[in-house]
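Visitor: Sequence:
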Amino acid sequence: MYNIYYQNVNRIRSKTTDVYLNILNSNFDIICLTETNLNSSVFDGEVLDNRYNVFRRDRYTSSSSKSDGGGVLIAVQKHLNVLQHHSMSSDVEDIWISILPNSPSSPKINLCVCYLPPDLPNDKSTSFYNKLQNNLLENHTSDINLIIGDFNIPTLSWHSMSNDPNILKPSSPSDFRSTLLVSTLALCNLSQFNNVPNKNGRWLDLVLSNKQSIAVTETDPISRVDRHHPPLLIELDNSSLSSKRIKTKKRLRLNFEKADYLKIRHELTAVDWSVVLSDDDIDLAVESFYEELHNIIIKHVPLSKDDSHIYPVWFSPPLKHCLNEKLKYHKRFKKFGNPRDYDTYAMLRTRSKTLMKSCYKSFISSTEASLEGNTKSFWRFINNRKGKKTIPSSMSLGGKTASDSQGITELLSEYFASVFEKPSSPTQQFQLDNMVNDSLSKIILSEDEVIRKIKSLDTNKGAGPDKIPARFIKNCCDQLSYPLTLLFNRSLETGVFPSCWKLAHVVPIHKAGDNTNCENYRPISILSCIAKLFESLVYNFFFSHIKPLLSEHQHGFVKGKSISSNLLEYKNYLCTAFSRRGQVDSIYTDFKKAFDKVNHSLLCTKLSCYGVHGSLLRWVESYLHKRSQLVAIGGYQSSPVLIDSGVPQGSHLGPLFFIVFINDLIHRLSCRCLLYADDLKVFHSIETDNDCALLQRDADAISEWCHANNMYLNVSKCFIITFTNKKAYIKNKYKLEGQVLERKTVAKDLGILFDQKLTFRDHYDHIINKAYGMLGFVVRSTKGFKNPNSFIYLYNALIRSVLEYGSIIWSPHYAVHSERIEGVQKKMLRILSFKSGYGRSLISYTQRLGQFNVTPLYVRRMHQDLLYLHKIIHSVIDSPTLLSLINFNTKPNPRHPKPFHLQSYKNNISFFNPIARMCRLYNDYASTKDSVVDVFDPKVIRFKRQVRMLKFDTE
1 MYNIYYQNVN RIRSKTTDVY LNILNSNFDI ICLTETNLNS SVFDGEVLDN
51 RYNVFRRDRY TSSSSKSDGG GVLIAVQKHL NVLQHHSMSS DVEDIWISIL
101 PNSPSSPKIN LCVCYLPPDL PNDKSTSFYN KLQNNLLENH TSDINLIIGD
151 FNIPTLSWHS MSNDPNILKP SSPSDFRSTL LVSTLALCNL SQFNNVPNKN
201 GRWLDLVLSN KQSIAVTETD PISRVDRHHP PLLIELDNSS LSSKRIKTKK
251 RLRLNFEKAD YLKIRHELTA VDWSVVLSDD DIDLAVESFY EELHNIIIKH
301 VPLSKDDSHI YPVWFSPPLK HCLNEKLKYH KRFKKFGNPR DYDTYAMLRT
351 RSKTLMKSCY KSFISSTEAS LEGNTKSFWR FINNRKGKKT IPSSMSLGGK
401 TASDSQGITE LLSEYFASVF EKPSSPTQQF QLDNMVNDSL SKIILSEDEV
451 IRKIKSLDTN KGAGPDKIPA RFIKNCCDQL SYPLTLLFNR SLETGVFPSC
501 WKLAHVVPIH KAGDNTNCEN YRPISILSCI AKLFESLVYN FFFSHIKPLL
551 SEHQHGFVKG KSISSNLLEY KNYLCTAFSR RGQVDSIYTD FKKAFDKVNH
601 SLLCTKLSCY GVHGSLLRWV ESYLHKRSQL VAIGGYQSSP VLIDSGVPQG
651 SHLGPLFFIV FINDLIHRLS CRCLLYADDL KVFHSIETDN DCALLQRDAD
701 AISEWCHANN MYLNVSKCFI ITFTNKKAYI KNKYKLEGQV LERKTVAKDL
751 GILFDQKLTF RDHYDHIINK AYGMLGFVVR STKGFKNPNS FIYLYNALIR
801 SVLEYGSIIW SPHYAVHSER IEGVQKKMLR ILSFKSGYGR SLISYTQRLG
851 QFNVTPLYVR RMHQDLLYLH KIIHSVIDSP TLLSLINFNT KPNPRHPKPF
901 HLQSYKNNIS FFNPIARMCR LYNDYASTKD SVVDVFDPKV IRFKRQVRML
951 KFDTE
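Numbering-wise (the UniProt record's numbering), the sequence shown opens with residue 1 and increments by one.
Calculated from the structure, these hints are not laboratory results.
From a predicted model like this one, the values you see are computed outputs, not experimental measurements.
A couple of the hints might just be wrong.
[Claimed, not checked] Within a straight-line C-alpha distance of at most 25 Å, the following computed DMTMM-like cross-link-like pairs (lysine to aspartate or glutamate) qualify: (1) Lys592 x Glu621; (2) Lys717 x Glu621; (3) Lys592 x Glu552.
[Said to hold, decoys possible] Derived DEER-like restraints, expressed as beta-carbon distance ranges: (4) Phe543 x Thr576: 26 to 34 Å; (5) Glu257 x Glu372: 19 to 27 Å; (6) Ser499 x Lys400: 26 to 34 Å.
Glycine is no exception: its CB is placed at the ideal position from the N, C-alpha and C atoms.
All chains should be modelled from the sequences, with the hints used to inform the complete structure.
Guide: Pasting the structure below:
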C-alpha cells in the first residue's frame with residue numbers, strides 16, 4: 001500500500017517552517033502539492049526534509065494572467081525508484097514522473113500532478129488535454145496512470161456509481177473545460193476517485209486513474225486548510241513496486257578527530273624513515289611510507305559508523321520513540337480498524353507535534369548561539385535549509401539507463417571520461433617568438449618549507465583517495481615533515497611523480513536541468529592531501545619562473561589580478577570609446593571543456609620553450625601521464641578510467657599549466673583582448689569597415705589556434721555585442737569557424753551584465769531580484785532567532801555580497817538606481833526592526849542604520865572605490881594599464897590640494913568611468929586639509945581605518 005498525500009496548499013511560501021515540521025511528523029510515500037506559490041528563491045530544503053526527492057514546477061506565466069501563485073510539487077521518498085519525464089509536460093503547470101517496478105514485467109505508476117488556473121485560456125486548456133491524451137495513449141496498457149490536481153471546474157458535479165462507490169461519475173458537461181475533461185476520461189479509460197467535496201459541495205481537486213483499487217479519504221493537513229481544497233490521502237495498492245535507490249553503503253570510517261595523537265607522534269618519532277624509504281623506486285618508497293602510516297593509524301585511530309540519520313539531528317530520543325509508536329498504531333488501525341488503536345494514534349500524533357516544536361525551538365536557540373563560537377554548525381543549519389541535492393535512483397546517458405548504485409557510478413564515470421581526448425600529436429609544432437634566457441630545471445625543497453606549508457593546511461578539508469586527512473598531517477607535522485621532504489625531493493630528482501598520487505575521486509554535482517541525465521552533472525575532483533601539499537610547494541617555483549612570461553592580458557590565476565581588474569580595464573576602454581561617441585565591437589568566445597582538452601605533449605613542449613628543462617620537465621611529463629579517476633558516491637566506486645588529456649582538476653598546478661598553454665594565443669591577436677583563464681573576449685574600436693576586418697581576422701586566428709592546439713570552440717555560445725551610444729552604427733556580421741555569430745544586446749561577463757549603452761540596468765534588475773529572493777530565504781530561515789546580529793550576519797554573507805559583487809565596475813551614478821539597490825537594505829532593516837520589537841519607534845532609515853550599526857550601501861561602495869584606488873597606486877593590483885590611467889596633478893592648489901588630475905568628458909558614461917570616479921572621490925572627500933586619509937600611505941590596514949572615518953554627503 002502506497003500512501004499519497006495531496007493538497008492545494010494555497011501559498012506555502014510564508015509558512016514553510018510549519019509545513020516542514022508537519023511533513024517530518026508524517027510518513028507519506030509521495031506528497032503532491034498544488035498552488036505552492038514557490039519561486040527560485042525558495043529552496044527545497046525549506047519545505048521538505050532529506051527523506052524525499054523533490055520535483056517542482058513553479059508558476060508558468062504564459063498559462064495565467066497572474067505573475068505569481070500557482071506551481072506544483074511532487075516529493076517522492078528516496079526508497080522508491082523514480083524517473084521524471086520532461087517531454088511529457090505541457091504548457092501549463094504539470095509534472096510527470098514514473099515510479100519504476102522491481103522487474104520489467106511488472107507495471108509502473110505514471111503520476112501527473114497539475115494545476116489549471118481558473119483564468120486558463122481555452123487554447124491552453126485544449127493544448128493540455130491533448131498532451132494528456134497523447135501521454136496516456138502512448139503509455140503501456142499495463143501501466144497505472146494516476147493524474148492528481150486542481151482542475152478548477154466547479155460546474156462539474158460527481159456522483160458515486162452503484163457498482164463501485166469509490167468511483168465517481170461526472171454530470172453532463174456544461175462548459176468548454178468540463179467537456180474537454182469528460183471526453184478525456186472516456187478516451188483514456190480514466191475514472192475519478194475523489195469523493196471528498198469541499199465546503200461548498202464542489203469538486204475542484206480530482207484524482208483520475210485507470211486502476212480501480214484506489215481509496216481517497218480526507219486526512220490531517222500539512223498546511224492550513226483552504227475551504228475550497230480539503231487535504232486528501234490517496235491509498236494505492238501495488239506490491240510489485242521496488243524499494244531501491246542510490247543507497248549509501250554502511251561502512252566504518254576512521255575518526256581522526258578522536259585519534260590518540262600523543263601515541264601516534266610517539267610511534268612516528270621511533271620510525272627510521274631513512275631505512276623505510278631507502279628504495280630507489282619512488283612508487284615503492286611511497287608505498288612503504290603509507291604502509292608504515294596505516295599500521296600506526298589502525299592502532300590509534302578509532303572507527304566510527306557513517307552518519308546516516310533517518311531523522312534530523314535535532315530529534316530527541318523521546319520524539320523518535322513517539323514517532324515510531326505513532327506509526328505502529330497507525331498501521332494497526334489500518335489493518336484491524338480498532339477505534340482504540342486510532343485513539344492511541346491520535347494521542348501520539350498530538351504529543352509528537354508538541355515534542356517536535358519544543359525540540360525545534362531548542363535546536364534553533366542552540367544554532368543561533370553557535371554563531372559566536374562554531375560558525376560551521378550555524379552554516380550547516382543554513383545549508384540544510386537550502387536542501388541537499390541527492391543522486392536520483394535512476395539515471396540515463398544517451399540510450400543507456402542505470403537503476404542501481406553501482407550502475408549509476410559507472411554511467412557517470414563514462415560521461416566524465418568522454419570529454420577527454422585520446423593522445424595525439426598536435427597539427428603543428430609550437431615555437432616561441434622570443435627565446436627565454438632563464439631556465440628552471442631543478443627544485444630542492446627544504447624541511448622548513450614543508451613544515452610551514454603543513455602548518456597552513458586547513459583541517460576542515462577531508463581525506464582524498466589515500467584516506468589521510470589534513471588534520472592528521474597537521475597534528476603530526478614535526479614527525480612527518482622529514483619523510484615527506486625525502487619523498488618530495490626524490491620525486492623531483494628522479495623526475496617521477498608517484499603513481500598513487502595521480503588518482504582522483506570524482507563527486508558529481510548537478511548543474512541544472514533534468515537531474516536524471518548524466519550530461520547535466522559536472523565533476524568535482526578530490527585529490528590526496530599529501531599530493532596537493534607537494535604541488536603547493538612546487539607551485540611557488542613554477543609561478544615565479546613563468547609569471548614574467550605571461551601576457552598582461554591574462555587575469556585568471558595570477559597573483560595581483562582578478563575578475564575586478566579584468567573588467568575594470570575593459571570598462572575603461574569602453575568608456576574611452578564612449579567619450580568620442582565611438583563604437584566598440586566585442587567577440588565573446590566559449591571553449592568547450594577547455595581544461596579537459598589540453599594536449600599533454602604540447603603543454604610540455606610549451607613549458608620547455610618557457611625554460612622548464614631537465615628532471616623538472618620529466619617530472620611534469622610524469623605528473624600528467626597516466627592519471628586516473630573514478631566516481632565515488634555513497635561508498636560505491638566506479639572502475640578507474642585513464643585521463644588522456646587535460647590539466648588535473650582540483651590541483652594547484654592545473655590552473656597554472658592551463659594559462660601557460662593558452663598564453664601564446666594572446667600573441668596571435670592584433671586587437672585588444674582580455675582573459676580570465678579560458679574566458680576570452682576580443683574587442684576593437686570600430687570606425688571603418690577595415691576595423692571590422694581586423695576583428696574578423698582575430699576571430700579567424702582564434703579558430704586556427706584551436707585547430708593547431710586540439711582545442712574546440714562552442715560556437716553556439718560565442719556571440720558579438722556592440723557597445724555604443726550612437727543610434728546608427730556599423731552592424732558587421734562576424735563569423736567563427738564559418739558560422740555567423742549571434743548578436744546580443746546584453747553580455748554576461750564574469751558575473752556582470754554589460755548592456756550596449758553601459759547603463760547596467762539589466763545588472764541592477766538581476767542583483768536586486770536575486771537579493772530580494774535571498775532576503776526572503778533569510779527571513780524564513782531565521783524564524784525563532786532572537787539576536788539581531790544573527791540576521792545581520794546572514795544578510796551580510798548572503799545578500800549584501802550579491803549587491804556589492806563587482807561594484808567598482810557598475811557603481812550607479814544616478815540616484816534612481818542607487819535608491820533601488822539601497823531599497824533592499826532598507827527593507828531588511830525594516831523587517832529587523834519589527835523582529836527586534838522596535839515596531840514603529842524606529843521610523844527613518846537613518847535611525848535604523850544607527851540602531852543596528854549598519855553602513856549604507858552607497859557609502860560602502862565609496863569605501864571600496866577608495867581602497868581599490870589605493871591598491872592600484874601601490875601595485876597590489878598588478879595592472880600597468882590601470883596605473884597608467886591615473887594622472888597625478890603636478891601643480892596642485894596649496895589651499896585645496898587635489899592630487900589627481902581629471903580631464904573633461906562629454907557624457908556621463910565617460911565622466912563616471914571607474915578610474916575617474918575613484919580619483920574624483922578622493923579629490924572631493926579625502927584631500928581636504930581636515931582629512932586624515934592619505935592614499936600614498938603604504939599600509940593598507942591604516943588606510944582602511946582612515947577611509948572608515950570619512951563622512952560622505954547623503955544621497
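Visitor: Evaluate each hint against the coordinates.
Guide: Here is how each hint holds up against the structure:
1. Lys592 x Glu621: holds (24 Å)
2. Lys717 x Glu621: Violated, at roughly 33 Å.
3. Lys592 x Glu552: holds (24 Å)
4. Phe543 x Thr576: 26 to 34 Å: holds (32 Å)
5. Glu257 x Glu372: 19 to 27 Å: holds (21 Å)
6. Ser499 x Lys400: 26 to 34 Å: holds (31 Å)
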